[in-house]
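Each chain is listed here by its residues.
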Amino acid sequence: MNSKLARCTPIAALVALCALSFQAFAQQTPAAATSPAGSGSASNPALGGPKPKGPAPRLANGKPDFSGVWQGGGPVGDIKDGLLPGEEIAMLPEAEKLMKGRLSSEDPEARCLPTGVPRVAPYPWRMLQAPAYGDAKILYILFEGNIHSYRQIFVDGRKHPDDLEATWYGHSIGHWEGDTLVVETVGFNDKFWFDFVGHPHTTQLKTVERYTRIDAATLENVITITDPGAYKKPFTVKFTATLRPGWDLMEYICNENNQDVEHLKGPAGL
Amino acid sequence: MAIRMISGMISLLACASLVVAAPVLAHHSFAGEYDSTKPITLSGKVTKVEWTNPHARFYLDVKGDDGATTNWNLELASPNVLKRQGWSSTSLKEGDVVTVEGSLARSGAKMANARLVTLADGSRVFARAAADGGA
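Residue numbers (this note's numbering), protein chains in the order written: chain A, 1 to 270; chain B, 1 to 135.
Because the hints were derived from the structure by calculation, they are not lab data. Fair warning: this is a prediction, and the values are worked out from it, not measured in the lab. Incorrect hints may have been included.
[Stated by the list, open to error] Here are the simulated DSSO-like pairs of lysine-lysine, each with C-alpha atoms no more than 30 Å apart in a straight line: (1) A:238 - A:53; (2) A:53 - B:83; (3) A:265 - B:45; (4) B:63 - A:100; (5) A:53 - A:63; (6) A:137 - A:159; (7) A:232 - A:63; (8) A:233 - A:191; (9) A:233 - A:206; (10) A:232 - A:97; (11) A:51 - B:83; (12) B:110 - B:63; (13) A:51 - A:238; (14) A:238 - A:100; (15) B:45 - A:191; (16) A:191 - A:137; (17) A:51 - A:63; (18) A:100 - A:206; (19) B:83 - B:38; (20) A:265 - B:48; (21) A:80 - A:233; (22) B:38 - A:100; (23) B:63 - A:265; (24) A:100 - A:233; (25) A:97 - A:206; (26) B:83 - B:93; (27) B:38 - A:80.
The following block holds chain A by itself, in its conformation from the complex (with noise of 0.2 Å):
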């Protein structure tokens, strides 16, 4: 393929994709993207291959399998986004200050540092076990982005330790109920913020993940947030990840030549 056609097929990938919006909208799809693959076709590889339709497939143990490479499943403009029907996010006198008083130019995410918890970044991640095969003793989440990293979810029993030290992602352990992986995390630091806007949090942050495969493409997470150094009460909220089919993560080194610190002006926001 010549270099001319090479930069055009996204373009006639997207006029397709844009003539089949009827019955893309009519199903309830995800928008289209462009892409020079899979021209003509409804497939659309920037989003991952065909979603799997069904149930959440299971392991041989019978729980549900979460393996994959998902999408979203946390906060990433605003954590009320997620707010469930009813709840609230009710912050004290001090933590509305610090919210009030952040630059966007502060945030971590920009700054090339985690997420923390329940940010997500708007790049992929994977969930995996270990062993492979058999009840898992440790989950793995990989996150593509905002900086390679991982957070680990202990799933063999075992107690918070008495002597953690403060840390982006906390001690995360897990427990099943039903088909819903429940995982608790405490130890954070208070360095992260929890979207772009800049909800934030403390040291007495406590985060509890409900985490259920909805159906083959769907991973959902419900999250109550407990911190009563910043919110007069816990509150809840849900996001969904969705499985990109097809994709592997892929090296994203964000300090590599990071640009936007020095530009970023204003207040936190969007």
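Use these hints to put chain B onto chain A, whose structure you have.
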């Protein structure tokens, strides 16, 4: 019929927005870095392409009305987002003549977010989508 026409228009607008207006999410606040109320169009020759994280970038020599040349810094999505859309580090090359539509940086630097990049032959590179997960 009217309903069909309206839904068709909505659908077309939705498609247009995929390429033109999508304020896609990156690792930083978009509004904190770029002013969407200050659109800018630049034409010139590509002097360098950086296929780097957290953003791919390219630099453009733009000749002003006074004849002076200014080098602009244009921000794209992350390389991974672009790669998954089928673009590559060679989709745009040094020496290409392009027209860029984007939003001006708030910092006052000669910098912009490159929303649309059109080559001299009218073809576009790095067209973006609403759900691509990166800017």
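Quick rundown of the hints versus the structure:
1. A:238 - A:53: holds, 22 Å
2. A:53 - B:83: holds, 26 Å
3. A:265 - B:45: holds, 29 Å
4. B:63 - A:100: Violated, at about 42 Å.
5. A:53 - A:63: holds, 18 Å
6. A:137 - A:159: Given pair residue 137 of chain A, residue 159 of chain A holds - Cα atoms ~13 Å apart, limit 30 Å.
7. A:232 - A:63: At roughly 36 Å apart (the allowed maximum being 30 Å), residue 63 of chain A and residue 232 of chain A break the hint.
8. A:233 - A:191: holds, 21 Å
9. A:233 - A:206: Given that 30 Å is the threshold and the Cα spacing comes to 12 Å, the pair holds.
10. A:232 - A:97: holds, 14 Å
11. A:51 - B:83: Given that 30 Å is the threshold and the Cα spacing comes to 20 Å, the pair holds.
12. B:110 - B:63: holds, 13 Å
13. A:51 - A:238: holds, 21 Å
14. A:238 - A:100: holds, 24 Å
15. B:45 - A:191: Violated. Residue 45 of chain B to residue 191 of chain A sits at ~42 Å, over the 30 Å cutoff.
16. A:191 - A:137: holds, 29 Å
17. A:51 - A:63: Cα-Cα ~21 Å, so holds.
18. A:100 - A:206: Distance ~23 Å between residue 100 of chain A and residue 206 of chain A Cα, so the pair holds.
19. B:83 - B:38: Cα-Cα ~28 Å, so holds.
20. A:265 - B:48: Answer holds: residue 265 of chain A to residue 48 of chain B is near 26 Å, not above 30 Å.
21. A:80 - A:233: holds, 14 Å
22. B:38 - A:100: holds, 25 Å
23. B:63 - A:265: holds, 28 Å
24. A:100 - A:233: holds, 20 Å
25. A:97 - A:206: holds, 21 Å
26. B:83 - B:93: Holds, because 16 Å separates the two Cα atoms, which is no more than 30 Å.
27. B:38 - A:80: holds, 29 Å
Checked against the numbered hints listed earlier, the structure breaks hints 4, 7 and 15; every other hint is satisfied.
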